[in-house]
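Student: Listed below are the residues making up each chain.
There are 2 protein chains.
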Amino acid sequence: MYGPLAGADFPTLAWMRASRKVERERPPRLEYADPRGDLALRRALQSYLARARGISCDLDQLLIVSGSQQALDLCARVLVDPGDRVVVEDPGYRMAHHVFRAYGARLHGIAVDSQGLRTDDLARVRTAVMACVTPTHQFPLGAFLSMPRRRSLLQWAAQTGAWILEDDYDSEYRYAVQPEATLQSMDETGCVIYIGTFSKTLSPELRLGYMVIPSPAIELFTATKRLTDRHSSTHAQRTLALLLHEGTYDWHVRRIRRLQDARRTALLRALHLHLSDQVTVVGASSGLHLVAWAKTVPASREEELVAAAWREGVHVYPVSPLYLPQRDGTAASRPAGLILGYALLSPEQIDRGVKRLAAAILGLR
Amino acid sequence: MYGPLAGADFPTLAWMRASRKVERERPPRLEYADPRGDLALRRALQSYLARARGISCDLDQLLIVSGSQQALDLCARVLVDPGDRVVVEDPGYRMAHHVFRAYGARLHGIAVDSQGLRTDDLARVRTAVMACVTPTHQFPLGAFLSMPRRRSLLQWAAQTGAWILEDDYDSEYRYAVQPEATLQSMDETGCVIYIGTFSKTLSPELRLGYMVIPSPAIELFTATKRLTDRHSSTHAQRTLALLLHEGTYDWHVRRIRRLQDARRTALLRALHLHLSDQVTVVGASSGLHLVAWAKTVPASREEELVAAAWREGVHVYPVSPLYLPQRDGTAASRPAGLILGYALLSPEQIDRGVKRLAAAILGLR
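Those protein sequence lines, which keep their order, are chains L and D. Throughout the first sequence, residue numbering follows our numbering, covering 524 to 888 in sequence. Throughout the second sequence, residue numbering follows our numbering, covering 524 to 888 in sequence.
These are calculated hints, taken from the structure and not from any lab test. Possibly wrong hints are sitting among the right ones.
Identical chains blur together in the list; that is why a pair holds if it fits in one copy or across any two.
Dumping the calculated SDA-like pairs for lysine to any residue here, alpha-carbon to alpha-carbon at most 20 Å [said to hold, decoys possible]: (1) Lys818 with Ser799; (2) Lys544 with Ala529; (3) Lys878 with Gly864; (4) Lys544 with Pro534.
With the hints as constraints, model all of the structure from the sequences given.
Tutor: Put into structure tokens, the structure is as follows:
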């Protein structure tokens with residue numbers, strides 16, 4: 524969802540070994556495959572989701588898709604009619620907003636705070652076809668949706684008949700905390716559609732993700748996936764199935780989580796060292812990015828600050844464009860917000876970057 | 524579009540060599556790529572289309588997609604509003620019909636004969652948003668759309684303002700004839716969207732195809748592709764780019780065309796030997812399948828005939844389901860039609876299969 528990964532972190536040797544094995548075992552018939560995805564991959568994924576995310580699901584509930592973007596697109600296509608209300612987090616993931624709007628949805632933004640989506644605000648929404656949330660690591664502000672709010676959200680969905688899209692885009696990067704229950708595993712009414720991706724652990728270039736879909740809806744999603752592009756690339760699916768099956772993927776996730784944690788720690792240390800008076804950091808307990816609110820710079824100068832940072836060679840991104848347009852009035856009370864992704868950098872580069880960022884912030888005053 | 528390919532015909536060694544090269548050259552940043560497709564692939568494809576299909580287009584007009592199914596889906600999504608009329612060939616490709624209907628199109632079937640789409644019938648259609656045609660090898664009946672009809676079709680499009688989708692799904696398999704001009708290269712008004720695929724020359728498992736789009740529409744198609752799934756798998760694109768660039772793909776196409784031609788010749792010979800009194804063969808001058816009309820069996824017994832063939836181990840497919848429902852009345856005057864794909868079989872298997880098919884037909888009388 525945010526920021527590129529480092530090519531050097533990709534498990535190239537393991538991937539090539541598995542890929543060669545898949546090439547050597549090319550089947551005698553090359554034909555369109557199951558739109559739900561490769562059976563071996565779905566089996567391996569079912570077992571991975573059980574051990575890594577506590578998700579228990581039938582094989583039939585799993586749909587392999589071409590990245591989480593396709594998952595969002597399929598949800599919009601299958602569930603949204605023009606004029607339907609879709610609840611989104613505000614600020615939130617713009618590509619989700621775009622895709623819902625493309626199907627004629629009216630977006631209803633709900634604010635987020637340190638405990639995630641404000642479910643007290645949500646309670647006032649009486650009709651909606653869907654709510655799209657990032658409960659493990661709210662995008663972009665990084666909150667973990669608290670347990671009471673998870674229950675409120677599920678209760679709201681049961682009352683309104685809305686679907687919940689649980690976009691678990693970077694849940695592999697929960698640092699120094701146990702992974703908590705997903706909405707999917709708390710769901711008793713079959714309203715949660717869970718979305719996962721390999722873009723954050725392997726590569727966004729792969730275009731592989733997956734959905735866990737409540738049984739009554741799976742047929743419609745499968746038919747729609749088939750109409751859309753028949754199925755996702757078979758070779759990548761089979762290669763990934765091997766990595767999952769032989770444990771290499773779990774090993775890789777543990778390894779890359781440590782690597783990212785080292786980068787995160789370096790970033791937090793550098794921010795504390797060079798900018799502790801200037802910024803408030805949020806969303807650093809998981810994921811691959813955090814948000815730094817520049818306390819001394821108003822949101823109205825956010826663009827200016829970002830430009831100054833880029834001139835110093837520091838590629839930070841503004842938070843403001845991720846707010847829905849109709850909430851722009853609130854911008855006045857916000858400080859400037861910067862998104863800092865760290866998956867691509869060494870601890871040294873991070874320290875150097877934060878020093879330059881500090882210079883940019885000071886230069887603005 | 525029809526029938527699987529043989530795994531043994533895939534250029535495994537060349538693909539693996541190119542794939543390893545791509546793996547070794549993994550970029551330092553793994554990130555979302557250009558939704559239009561990999562630049563090296565589009566460059567190589569531009570040059571391939573010029574030499575193989577006489578298509579001259581700008582690099583910007585090329586959009587790499589996940590197979591021709593996604594191309595059809597994008598066309599429907601971008602161009603069709605609910606209630607719009609879409610012209611399709613009757614009989615025609617069902618997955619195209621399904622995808623247009625899914626976007627609310629009203630299908631208007633136009634009959635085909637030995638020269639392809641009946642453009643005299645088309646002339647009576649005054650409004651349509653789009654016509655989807657397979658001019659090189661009409662699916663399923665195999666006609667090559669004659670030059671006068673190509674001109675009529677383009678003229679009709681210019682008059683009605685309709686788009687033409689030229690689905691060139693198996694044009695690589697023109698046997699013993701020079702490849703003729705595409706509609707795309709005859710188009711002077713920018714109404715033709717050309718669709719090609721690697722599913723028939725490499726593998727349907729790859730999920731790689733492409734579109735040549737008139738310049739004014741490319742931005743909308745690119746934005747829609749990005750919303751749909753960001754972009755197609757980078758690795759497969761880069762591997763294919765290498766094969767095209769180094770000439771291996773052209774070599775492979777020449778080789779597999781010879782292989783398929785040998786199968787086609789064996790099938791024609793076997794049909795002549797064992798069934799010459801019983802069937803009329805159409806559509807054999809190109810592609811990977813032909814249609815055999817069983818002169819002595821009425822369409823009403825087509826299903827029965829297909830079942831009898833399958834009991835003999837001969838996997839033929841009925842033509843009738845490819846006609847639009849509203850034209851079912853014409854079935855009374857048709858003989859039973861069988862689709863025979865041959866890309867998977869050796870000449871010996873083909874001869875054996877046709878003998879068994881003859882037994883099935885005789886058994887039915």
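Student: Taking 20 Å as the upper bound on the Cα-Cα distance, should Lys818 and Ser799 be classified as within, between, both, or neither?
Tutor: within (10 Å within a copy, 87 Å between copies)
Student: Using 20 Å as the alpha-carbon threshold, which applies to Lys544 and Pro534: within, between, both, or neither?
Tutor: both (16 Å within a copy, 16 Å between copies)
Student: Can you tell me if Lys878 and Gly864 fall within 20 Å by alpha carbon in one copy, between copies, both or neither?
Tutor: within (16 Å within a copy, 66 Å between copies)
Student: Between copies, within a copy, both or neither: which fits Lys544 and Ala529 at Cα up to 20 Å?
Tutor: Intra 25 Å, inter 19 Å, cutoff 20 Å: inter-copy only.
Of the numbered hints listed earlier, not one is contradicted by the structure.
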